[in-house]
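Trainee: Chain residues, written in single-letter form:
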Amino acid sequence: MSDLKLELKEKIIEQLNLEDVAVEEIADTDPLFGEGLGLDSIDALELIVMLDKDYGIKLADPKEGRKIFESIDTMAGYIAEHRSR
Amino acid sequence: MKKSVYINSVGSVSAQKTFDNSEFLEEITDYEATELKVVSPNYKAYIPPAAARRMAKGIKMSTVSSQTALKEAGLENIDAIIVGTGLGCLDDSSKFVSDIIKNEEQFLTPTRFIQSSHNTVAGQIALGLGCKGYNFTYVNSAVSFESSLLDAQLQLENDEATHILVGGVDEMVEHHVRTHQLIDHFKNQPVTMKTLLSSKTEGAVMSEGSHFFVLSNEKQDSTYAELLGLEIYNELAQEQLPDQVRSFLKYHDHSIEDIDLVVLGNNGDINFDGYYQVLSAGLFANTPQAYFKHLSGEFDTASAFAFWLSSKIIKTASVPDIVKLNALHSSAKTVLIYNQYRGKNHSLVLLKKC
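Chains as they are written, first to last, in the working numbering: chain A, 1 to 85; chain B, 1001 to 1354.
Just so you know, not all the hints are guaranteed correct.
Claimed, not checked - Listed below are the simulated DSS-like cross-link pairs for lysine-lysine, each with C-alpha atoms no more than 27 angstroms apart in a straight line:
(1) B:Lys1037 <-> B:Lys1095
(2) A:Lys67 <-> A:Lys11
(3) B:Lys1002 <-> B:Lys1132
(4) A:Lys53 <-> B:Lys1095
(5) A:Lys11 <-> B:Lys1219
(6) A:Lys11 <-> B:Lys1095
(7) B:Lys1333 <-> B:Lys1002
(8) A:Lys58 <-> B:Lys1095
(9) B:Lys1102 <-> A:Lys53
(10) B:Lys1102 <-> A:Lys5
(11) B:Lys1037 <-> B:Lys1194
(12) B:Lys1037 <-> B:Lys1017
(13) A:Lys58 <-> B:Lys1102
(14) A:Lys11 <-> B:Lys1102
(15) A:Lys53 <-> A:Lys63
(16) B:Lys1194 <-> B:Lys1071
(17) B:Lys1219 <-> B:Lys1352
In case anyone wonders, no lab produced these hints; they're calculated from the structure.
Using the sequences plus the hints, can you model the full thing?
Mentor: What follows is the structure in structure tokens.
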């Protein structure tokens, strides 16, 4: 799981162009949106595409994203449970 | 009655250190290359990191040059934003298309799509300013910038707007350079600033840049020059050029003798510099001459660099030695810019001290 969390942090930094953020600056429980990492709705779309492309997870209901993308912890938990690749 | 059109401020990011508006070509960047990248300002000083992370290079350059122009004009907002670009934010367009192929038309992410449209720059500037006015982007190859200028000129002359932000932007992308080198549109052998015009080879030195100006029908302390007129010609044979120039000047009540400086877009392409030689050795043989593409490189909106250069020359009443094409002294009050690319998309722009 810790490998997956590290992988997610690296992917988020790379795909969302968070040039000034280092992996170690993102805590597993930090909120990804709002006050935490400050991601926005376009980032949410990027993350949905990332789940599909890299882990074979299709989110049928975008509202699910709210809970899944709360933090690295919640993302990693959901991916570990639902991944097909 | 038509109102006059003034250039009230300028902003530039180019292959030279032009982003600092307090200087005028004091630091020259020489090269031995086939392509030139811009001398980048510290973008972080202009753009919040959260916004910058999703910005293509063309948007970053334009944010800086448009902010510079607005600041100099003393404006916080503007009536209209008009941008010319030959290729838009080409890098993201290229990545977006590559992703389509790589991912077999699946998993397309929104950011590159948003960035890849040509009107992204004008849109992002408007979003940054909260400008809900006229917002238009012209994509007309080597006269994209002039098309924007023409739109602004007409609006200002007819008093449909008072202050308009007008710009030209193009970014350089590796793939574009390589493909155009294959067809000899860009040089394959490196040249230097001094050897560009004598290279006797095909193609130009590819580059990039962003130039913005506040055009207004109200003169103010910061005013650089008056835009007297401009004309665009999609097709023009070399032998037609002298008559077109005479006719253009006559329309604006000027003659060849009235021109204090002619600024020419020679880019060292042996196949097409003949157009400029028709003027430099003919009509304007006894007129002070300047050139600029040894400094700016070639790109679809390179003529915006000439517009920036000419504005600066008129305001400072000085022609930097580095741009002089002949040894004649210029009082730099009335300047004519002539540009074309590969024998098409010609433009004439007439500026005057005011």
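Trainee: Going back to the hint list, which numbers does this structure go against?
Mentor: 5, 16
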